[in-house]
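Residues per chain, in single letters:
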Amino acid sequence: AQKITQTQPGMFVQEKEAVTLDCTYDTSDPSYGLFWYKQPSSGEMIFLIYQGSYDQQNATEGRYSLNFQKARKSANLVISASQLGDSAMYFCAMREGQAGGSYIPTFGRGTSLIVHP
Amino acid sequence: NAGVTQTPKFQVLKTGQSMTLQCAQDMNHNSMYWYRQDPGMGLRLIYYSASEGTTDKGEVPNGYNVSRLNKREFSLRLESAAPSQTSVYFCASSGTLNYEQYFGPGTRLTVT
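Protein chains in written order, with our numbering: chain A, 1 to 117; chain B, 1 to 112.
Just so you know, these hints were derived from the structure itself, not from any lab. Everything hinted at is true.
In silico SDA-like cross-links for lysine to any residue, where the CA-CA straight-line distance does not exceed 25 Å:
1) B/Lys-9 - B/Glu-59
2) B/Lys-57 - A/Ile-104
3) A/Lys-3 - B/Leu-45
4) B/Lys-9 - A/Met-89
5) A/Lys-3 - B/Tyr-99
6) A/Lys-3 - B/Glu-59
7) B/Lys-71 - A/Ile-46
8) A/Lys-3 - A/Phe-47
9) B/Lys-57 - B/Asn-30
10) A/Lys-73 - A/Ser-112
11) A/Lys-3 - B/Ala-50
12) A/Lys-73 - B/Tyr-99
13) B/Lys-9 - B/Met-41
14) B/Lys-57 - A/Glu-96
15) A/Lys-3 - B/Lys-57
16) B/Lys-9 - B/Val-60
17) A/Lys-73 - B/Glu-100
Please build the complete structure, drawing on both the sequences and the hints.
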């Protein structure tokens with residue numbers, strides 16, 4: 001079974017609108033973390049946001065926020081006020097294991113986001 | 001700071017040839033990783049090194065070897081390249097107490 005599932009292969013959004021990219025995960029480890037990365041067409045991987053399993057509040061970083069629903073095992077990325085530069089592949093990833101140690105992250109297959117002017 | 005650097009950026013090999021992909025980080029991170037990215041597959045972990053002197057297999061280690069030369073450098077070797085190893089290879093690093101990974105720019109490898 002996949003540990004990270006991104007069910008939307010492609011998403012389209014109008015510039016300045018908000019968009020939600022879905023991510024569900026599967027783990028039995030009580031200590032885990034969830035990440036989102038952006039990969040523009042130039043190819044580099046850019047870290048966006050992180051949520052730990054014990055964090056009480058949803059993570060936010062500028063226009064990015066993570067809608068973390070632990071009971072549903074979902075960690076959706078919300079991008080507010082989309083910009084043309086947000087067009088990219090977005091990957092959800094999970095680390096399992098104790099904080100402070102090395103961890104092996106697992107990546108989802110990604111969602112392609114296209115922002116229309 | 002350069003962050004994570006990888007060489008080369010592009011490489012074409014013939015089946016059976018060998019090569020080494022180089023990776024270096026200047027962030028004093030303990031952990032380093034090698035991934036491959038294929039269309040529609042996301043990133044898959046090949047090998048990782050939790051700290052200097054240790055290496056472990058990831059999800060897809062067959063056909064690859066690694067060396068953690070020192071804390072800064074982590075190389076990936078293809079001993080006998082096969083067309084199935086055509087992919088984009090990413091090196092990444094992370095600090096022990098930091099959670100996010102920092103990625104290099106990638107190496108696009110084609111095996112004919």
